[in-house]
Amino acid sequence: MSTINDTAPTTPPGTVRYPGTGRRSSSAARDKRDLKLFSSFAHIALAVWGILVIAPLIWVVLASFKSNTEIFTHAPFSLPSKISFETYRTAWSQAHVGRYFLNSVFVVAISTAGTMLFGSMAAYVLARYRFFGNRFLYYLFVSGLAFPVFLALVPLFLILQNLGLLNTYTGLILVYIAYSLPFTVFFMTAFFKTLPNSIAEAAIVDGASHTRLFFQVMMPMARSGLVSITIFNIVGQWNQYLLPVAIMQGQGADQKWVLTQGIANISVSAGYQANWAALFAALTLSILPMILVYAFFQRQIQAGLTAGATK
Amino acid sequence: MKHGRYPFIIGFLIVPVAIYVTFVVAAYVQAFQLSFTDWRGFSPNVNYIGFDNFVKLFHDDTFWKAIRHHLVLLIFLPLFTIVLALFFSFLLNVGGGSKGGKTRGVWGSKFYRVVFFFPQLLALALVAVIFARVYSPDDSGLINGLLNQFGAGPVLFLADGKLALWSILAVLVWQGVGFYVVLFSAGMGSIPTEIYEAAALDGATRGVLFFRVTLPLLWNTLQVAWVYLGIAAFDAFALVNVMSVDRGGPDGATTVLGLEIFRNAFDYAQFGYASAMGVVLFFLTISFAALTMRVTRRDAIEM
Numbered sequence: 001m002s003t004i005n006d007t008a009p010t011t012p013p014g015t016v017r018y019p020g021t022g023r024r025s026s027s028a029a030r031d032k033r034d035l036k037l038f039s040s041f042a043h044i045a046l047a048v049w050g051i052l053v054i055a056p057l058i059w060v061v062l063a064s065f066k067s068n069t070e071i072f073t074h075a076p077f078s079l080p081s082k083i084s085f086e087t088y089r090t091a092w093s094q095a096h097v098g099r100y101f102l103n104s105v106f107v108v109a110i111s112t113a114g115t116m117l118f119g120s121m122a123a124y125v126l127a128r129y130r131f132f133g134n135r136f137l138y139y140l141f142v143s144g145l146a147f148p149v150f151l152a153l154v155p156l157f158l159i160l161q162n163l164g165l166l167n168t169y170t171g172l173i174l175v176y177i178a179y180s181l182p183f184t185v186f187f188m189t190a191f192f193k194t195l196p197n198s199i200a201e202a203a204i205v206d207g208a209s210h211t212r213l214f215f216q217v218m219m220p221m222a223r224s225g226l227v228s229i230t231i232f233n234i235v236g237q238w239n240q241y242l243l244p245v246a247i248m249q250g251q252g253a254d255q256k257w258v259l260t261q262g263i264a265n266i267s268v269s270a271g272y273q274a275n276w277a278a279l280f281a282a283l284t285l286s287i288l289p290m291i292l293v294y295a296f297f298q299r300q301i302q303a304g305l306t307a308g309a310t311k
Numbered sequence: 001m002k003h004g005r006y007p008f009i010i011g012f013l014i015v016p017v018a019i020y021v022t023f024v025v026a027a028y029v030q031a032f033q034l035s036f037t038d039w040r041g042f043s044p045n046v047n048y049i050g051f052d053n054f055v056k057l058f059h060d061d062t063f064w065k066a067i068r069h070h071l072v073l074l075i076f077l078p079l080f081t082i083v084l085a086l087f088f089s090f091l092l093n094v095g096g097g098s099k100g101g102k103t104r105g106v107w108g109s110k111f112y113r114v115v116f117f118f119p120q121l122l123a124l125a126l127v128a129v130i131f132a133r134v135y136s137p138d139d140s141g142l143i144n145g146l147l148n149q150f151g152a153g154p155v156l157f158l159a160d161g162k163l164a165l166w167s168i169l170a171v172l173v174w175q176g177v178g179f180y181v182v183l184f185s186a187g188m189g190s191i192p193t194e195i196y197e198a199a200a201l202d203g204a205t206r207g208v209l210f211f212r213v214t215l216p217l218l219w220n221t222l223q224v225a226w227v228y229l230g231i232a233a234f235d236a237f238a239l240v241n242v243m244s245v246d247r248g249g250p251d252g253a254t255t256v257l258g259l260e261i262f263r264n265a266f267d268y269a270q271f272g273y274a275s276a277m278g279v280v281l282f283f284l285t286i287s288f289a290a291l292t293m294r295v296t297r298r299d300a301i302e303m
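If you read the sequences in order, they're chains A and B. Numbered per full-length UniProt numbering, the first sequence spans residues 1 to 311. Numbered per full-length UniProt numbering, the second sequence spans residues 1 to 303.
Certain hints may be false.
Now the in silico label distances, taken between C-beta atoms and shown as ranges [said to hold, decoys possible]: (1) A:F215 / B:G203: 53 to 61 angstroms; (2) B:P44 / A:P196: 55 to 63 angstroms; (3) B:W219 / A:A55: 45 to 53 angstroms; (4) A:F85 / B:I286: 34 to 42 angstroms; (5) B:G249 / A:A55: 24 to 32 angstroms; (6) A:G207 / B:L291: 47 to 55 angstroms; (7) B:I14 / A:F85: 47 to 55 angstroms; (8) A:P196 / B:I286: 52 to 60 angstroms; (9) A:R223 / B:E194: 29 to 37 angstroms; (10) B:L147 / A:Q273: 23 to 31 angstroms; (11) A:G207 / B:E194: 50 to 58 angstroms.
FYI, nobody ran anything at the bench for these hints, they're computed from the structure. Glycine included, every Cβ here is placed at the ideal spot set by N, Cα and C.
When you get a sec, could you build the whole thing from the sequences and use the hints?
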């Protein structure tokens, strides 16, 4: 504000600033110095946050190779005295990280596939067909976004119990699908609406059935939207903690736990057994795949996760 | 072409609607119903008690503690996260000054963005386990281990009632900033460079650019961010459940509604009471979102 007013009178109307005059070049030099200063300040600020983000993760990896004594007596970022994968073997088999990991893969693979299939089927019909009750169903799906899952916790538990689905993969997968539908339907409906009519009409003239039109024409056209929401759902379901903790309880449940649940439990029991190295190994095992996937797909992942906020 | 239209529509809707109604709609409807009962899951007949659960809630100290914690989170989580994210995304996008009349980001801005965003990909439960160790009160913790190097005494991040909630808040900020940096960067990227150039020609400093150009044009994105973070402030279950001392402690200093709902439902089998808390949580979230949208509403700036 003040700067705008300050500079305005220095160039009276009618005066032309010639490039190369002394005043001009000195201000350019000052600008440059200014910029350099600002730029280095920017780098320092950004680097500090970068370190704050990375440091805990590096620390976890380093600690996973240390012995318990080392963890307690050596400096946090000291290198481990020897590289041994013993802690990893313990974490993978004795602490069951391997099992939890595969459980998560299994559950999320099916539930995300189901979410995308059923979500886009519903969204497609709601977006492109006029029929009685269309608006009602659309708002029924979208209103799900307004409710906190905590509110549903008790009844959900009872519903699953009545259906005999408590502590089963089927139950967990169905619940994942059900609670992913509001956002998936909301997003995909908007997306299907943007697709052009002409191609759909041409396909119908060619004698394609509604079902064929959907699977062979519309789904391929909606690919970019589908990719974003698939990533959104994979990450969301992979990271889910509340639902599995509420659903996967009871006898023998620990065999079926997903990764988040398993790791949280290892964290509690590591305290009793004082086996911190194995916990760090377990953490490393669950972070590493994320880093790998992120390294390859970071653009798509960023786009997918921010899809909800930018639409 | 009418042929097969309705069978198709019904065929496509039946499974998703059935799943959704069974597990989501029915659950929410029952939650409201249960909140007026004292049902504990055993007796076959359900006993309606009117608003008794809500009256009990009103006199429940733990409930008010949880509400206070949500208020703290509601104010400071969006504040810290948005200020940091705005600051970093401004540095990333216009920190490099202008060359050839074009404002540029600082060198390596892409790398920073990738790194900042990563925590968003980690499950909150996992982040909670990591930070439970980072905050460890003895020398095995990252922070206290470092402090010990400098001879400073241990800080009891999670065991000190005054610090515990703030320590948990810091973790939420740590995880969230990167997401909003990416979000704001996208918003800043869509601001036409001519506006910056025009402002720069008028002699606007970076501060002026930020407050007079970037911020107003980013208003809608900021609004979305505030609502998102506010809703996150009503959750925090995973962190509190995993990190805090005695789940919600010390002495209730970190408890949140989600945790109280979970505890009442699955530890004490107080199904009616837990549902009543859920109903309160629902009204709190929805009024927060509606209020924020209303208070912060501004006319969109045409670009």
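Structure-based check of all given hints:
1. A:F215 / B:G203: 53 to 61 angstroms: With Cβ atoms ~59 angstroms apart, the hint holds.
2. B:P44 / A:P196: 55 to 63 angstroms: The hinted range 55 to 63 angstroms holds for P44 of chain B and P196 of chain A, with Cβ atoms some 57 angstroms apart.
3. B:W219 / A:A55: 45 to 53 angstroms: For A55 of chain A against W219 of chain B, whose Cβ atoms are near 34 angstroms apart, the range 45 to 53 angstroms is violated.
4. A:F85 / B:I286: 34 to 42 angstroms: 50 angstroms, violated
5. B:G249 / A:A55: 24 to 32 angstroms: 27 angstroms, holds
6. A:G207 / B:L291: 47 to 55 angstroms: With a Cβ separation near 54 angstroms, G207 of chain A and L291 of chain B satisfy 47 to 55 angstroms, so the hint holds.
7. B:I14 / A:F85: 47 to 55 angstroms: 51 angstroms, holds
8. A:P196 / B:I286: 52 to 60 angstroms: Between P196 of chain A and I286 of chain B, where Cβ atoms are some 37 angstroms apart, the hint is violated.
9. A:R223 / B:E194: 29 to 37 angstroms: 34 angstroms, holds
10. B:L147 / A:Q273: 23 to 31 angstroms: 26 angstroms, holds
11. A:G207 / B:E194: 50 to 58 angstroms: With a Cβ separation near 51 angstroms, G207 of chain A and E194 of chain B satisfy 50 to 58 angstroms, so the hint holds.
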